[in-house]
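Undergrad: The primary structure of each chain is shown beneath.
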Amino acid sequence: MIDAVTQPFIEFAFMRRALVGCLALSLSAPPIGVFLVLRRMSLMGDVMGHAVLPGAAIGYLLAGLSLFAMSLGGFAAGLAVALAAGLVARSTVLREDASLAGFYLVSLALGVLIVSVRGSNIDLLHVLFGTVLALDDAALLLIAAIATASLAVLAVIYRPLVLECFDPQFLRSASNLSSPTHLTFLVLVVLNLVAGFQALGTLMAVGIMLLPAVSARFWAEDVSGMILVAIGCAFAASLSGLLLSYYANVPTGPAIILLCGVGYLLSMLLGRRSGLIWNLVPRKHLEA
Amino acid sequence: MKHRLVTSIGLALLVLLGISSFAQADDKVKAVASFSILGDMVRRVGGDRVEVVTLVEPDSDAHVFSPTPADAKTLASAQLFFVNGLGFEGWMARLEKSSGFKGETIVASHGVKPHIMVEEEEGGEAETIADPHAWQDLANGKLYVANIRDGLIAADPAGKATYEANAAQYLDAIAKEEAAVKQALGKLPPARRKIITSHDAFVYFGAAYGLEIIAPEGVSTESEASAQDVAKIIRQIKEEHIPAVFLENVTDHRLLDQIARETGAKIGGTLYSDALSGPDGPAPSYLDMFRHNVGALTAALSS
Numbered sequence: 000m001i002d003a004v005t006q007p008f009i010e011f012a013f014m015r016r017a018l019v020g021c022l023a024l025s026l027s028a029p030p031i032g033v034f035l036v037l038r039r040m041s042l043m044g045d046v047m048g049h050a051v052l053p054g055a056a057i058g059y060l061l062a063g064l065s066l067f068a069m070s071l072g073g074f075a076a077g078l079a080v081a082l083a084a085g086l087v088a089r090s091t092v093l094r095e096d097a098s099l100a101g102f103y104l105v106s107l108a109l110g111v112l113i114v115s116v117r118g119s120n121i122d123l124l125h126v127l128f129g130t131v132l133a134l135d136d137a138a139l140l141l142i143a144a145i146a147t148a149s150l151a152v153l154a155v156i157y158r159p160l161v162l163e164c165f166d167p168q169f170l171r172s173a174s175n176l177s178s179p180t181h182l183t184f185l186v187l188v189v190l191n192l193v194a195g196f197q198a199l200g201t202l203m204a205v206g207i208m209l210l211p212a213v214s215a216r217f218w219a220e221d222v223s224g225m226i227l228v229a230i231g232c233a234f235a236a237s238l239s240g241l242l243l244s245y246y247a248n249v250p251t252g253p254a255i256i257l258l259c260g261v262g263y264l265l266s267m268l269l270g271r272r273s274g275l276i277w278n279l280v281p282r283k284h285l286e287a
Numbered sequence: 000m001k002h003r004l005v006t007s008i009g010l011a012l013l014v015l016l017g018i019s020s021f022a023q024a025d026d027k028v029k030a031v032a033s034f035s036i037l038g039d040m041v042r043r044v045g046g047d048r049v050e051v052v053t054l055v056e057p058d059s060d061a062h063v064f065s066p067t068p069a070d071a072k073t074l075a076s077a078q079l080f081f082v083n084g085l086g087f088e089g090w091m092a093r094l095e096k097s098s099g100f101k102g103e104t105i106v107a108s109h110g111v112k113p114h115i116m117v118e119e120e121e122g123g124e125a126e127t128i129a130d131p132h133a134w135q136d137l138a139n140g141k142l143y144v145a146n147i148r149d150g151l152i153a154a155d156p157a158g159k160a161t162y163e164a165n166a167a168q169y170l171d172a173i174a175k176e177e178a179a180v181k182q183a184l185g186k187l188p189p190a191r192r193k194i195i196t197s198h199d200a201f202v203y204f205g206a207a208y209g210l211e212i213i214a215p216e217g218v219s220t221e222s223e224a225s226a227q228d229v230a231k232i233i234r235q236i237k238e239e240h241i242p243a244v245f246l247e248n249v250t251d252h253r254l255l256d257q258i259a260r261e262t263g264a265k266i267g268g269t270l271y272s273d274a275l276s277g278p279d280g281p282a283p284s285y286l287d288m289f290r291h292n293v294g295a296l297t298a299a300l301s302s
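In the order they appear, the protein sequences are chains E and Z. Per numbering that gives the first Met the number 0, the first sequence starts with residue 0, numbered consecutively. Per numbering that gives the first Met the number 0, the second sequence starts with residue 0, numbered consecutively.
Worth double-checking, as some hints may not be accurate.
Only part of the chain E face toward chain Z is listed, based on derived beta-carbon distances under 10 Å [as the list claims (entries may be wrong)]:
#1 P7
#2 F13
#3 L60
#4 L61
#5 A133
#6 S244
#7 T251
Hints listed in this document are in silico derivations from the structure and should not be mistaken for laboratory results. Note that CB positions come from ideal geometry on N, CA and C, so glycine has one too.
The whole structure should be built from the sequences, with the hints applied where relevant.
TA: Here's what the structure looks like:
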């Protein structure tokens with residue numbers, strides 16, 4: 000049994016690389032996801048995942064499949080959309096969710112259009128879905144660097160961020176850290192999406208950020224507990240997703256995200272906090 | 000008097016110009032070819048008498064091509080539509096119907112003996128389909144040329160002599176290239192006659208010229224490789240000591256870079272399979288494509 004788990008990683012360097020990449024992602028993206036969930040910004044993550052696409056596409060258009068250009072473009076575009084959506088929500092009648100939906104559809108269409116203009120339409124698939132099996136040194140370094148930086152920054156802004164989740168009024172009245180915290184957090188979201196997009200593609204990168212976070216909501220009482228559970232979920236899904244892809248012959252990125260989804264379903268049913276099963280059991284107990 | 004002369008000469012010139020441009024527009028056969036390799040062949044056989052438009056541009060993948068309204072318009076005004084057939088252009092039937100194309104469709108691969116491949120469907124049911132990449136064998140290329148010639152003659156009998164002369168010249172050039180390919184690849188030692196490429200478009204090529212072709216992905220670029228696929232191919236390279244891994248102009252090369260890094264196999268440059276390069280690239284025509292591919296193959300395999 001243990002052999003079956005370790006053998007693919009011992010035999011193949013590409014499996015080791017994929018694992019390292021996914022574990023690095025699992026370390027930094029789920030905590031960000033936890034804060035997105037707590038701040039009711041889950042859909043925001045999704046929107047920014049799509050917003051990264053046109054930027055990456057422009058990078059691709061200018062420099063081909065270049066890691067640096069595509070990451071930089073994705074980062075700039077994701078940040079621009081996040082800021083623009085916030086600005087529109089604050090200064091017009093449109094609510095933030097509506098303006099986000101607008102921006103997200105426009106960016107997706109723009110991204111597809113830009114990649115297609117270049118001619119080789121096949122590359123769009125690789126941009127959308129990424130290639131976790133083909134992580135080279137540069138991509139691994141980028142993911143690891145982003146994971147390290149975002150964990151460090153998260154540690155620095157942890158307190159105001161938690162306050163902003165639960166009592167934004169208090170934070171605003173007690174200090175002037177509210178907007179800098181929010182902005183830094185947005186930067187972290189986009190950075191993690193850019194890292195995830197190297198491995199899993201733009202559509203799937205959001206999955207490893209949000210699914211473990213929403214699963215963790217069913218288990219842990221406090222923020223730090225949720226973060227630990229989310230990281231654990233993402234670790235488990237990455238490892239088992241890679242093994243599933245190896246043994247059952249299915250594409251790797253979707254396998255990892257699907258297993259995150261399985262984790263979510265199980266948490267929803269069995270979770271210690273308000274899992275569906277636990278809601279049923281006490282009622283039967285009372286009747287008896 | 001002088002004034003009137005100038006005017007009438009001018010008028011006459013105008014009329015002449017009008018007639019000649021009208022005549023020119025009329026006597027050129029308007030043909031559409033589905034992809035760049037076929038477009039090049041039709042151009043060679045048709046010469047000046049045929050105006051050829053190619054739907055799938057050079058360096059693009061015909062498997063996942065999606066036609067635009069402009070393509071439908073181009074096709075609607077054409078007299079001839081050259082396609083590869085053998086299921087290569089999955090989008091063809093829909094485009095023909097939606098564009099209201101009234102002309103003749105000519106299947107260039109008509110008469111080719113197709114390789115059958117087994118594609119595993121979801122649910123474990125195997126399905127056999129013909130491998131469409133028949134042009135990768137120059138012997139089939141000759142059949143293509145003959146089909147194109149016959150199609151053009153049927154549509155434009157007045158140009159029969161031209162088409163026959165062009166086709167004869169072209170067939171001659173293909174035969175010469177065929178001999179050169181066989182000679183160049185024949186020199187390779189048997190142990191080094193294996194290659195891996197990212198898209199198995201070279202089954203016909205391999206069968207015709209004695210190379211074993213192994214691909215890390217399925218027949219079509221639509222399928223996404225799983226960890227198992229990649230693991231299998233790495234094992235195979237290591238066990239069978241496959242010397243070279245080739246990249247292609249249409250698929251993601253990052254996966255192949257990874258495989259090459261892990262096995263120490265040589266990355267042998269780009270092979271052109273489904274599409275030609277642009278006019279400034281290494282494979283702007285059908286025969287240039289063979290010259291380029293054979294050059295890349297012998298360079299990687301003979302060392």
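Undergrad: A separate judgement is required for each hint: does it hold in the structure or not?
TA: Verification of the hints:
Hint on P7/E holds. Least Cβ distance to chain Z is approximately 7 Å, under the 10 Å limit. The restraint placing F13/E at the interface with chain Z holds, with a minimum CB-CB distance near 5 Å, inside the 10 Å limit. The interface hint given for L60/E is violated, since its Cβ lies 14 Å from the closest Cβ of chain Z, which is over the 10 Å cut-off. A distance limit of 10 Å between C-beta atoms decides the matter here; for L61/E the minimum to chain Z is near 17 Å, and the interface restraint is violated.
Of the supplied interface hints, the one on A133/E holds, with its beta-carbon coming within about 4 Å of a beta-carbon of chain Z, less than 10 Å. The beta carbon of S244/E is positioned within 10 Å of a beta carbon in chain Z (closest approach about 4 Å), and the interface hint is therefore held. Nearest Cβ of chain Z to the Cβ of T251/E: about 5 Å, under the 10 Å cut. The hint holds.
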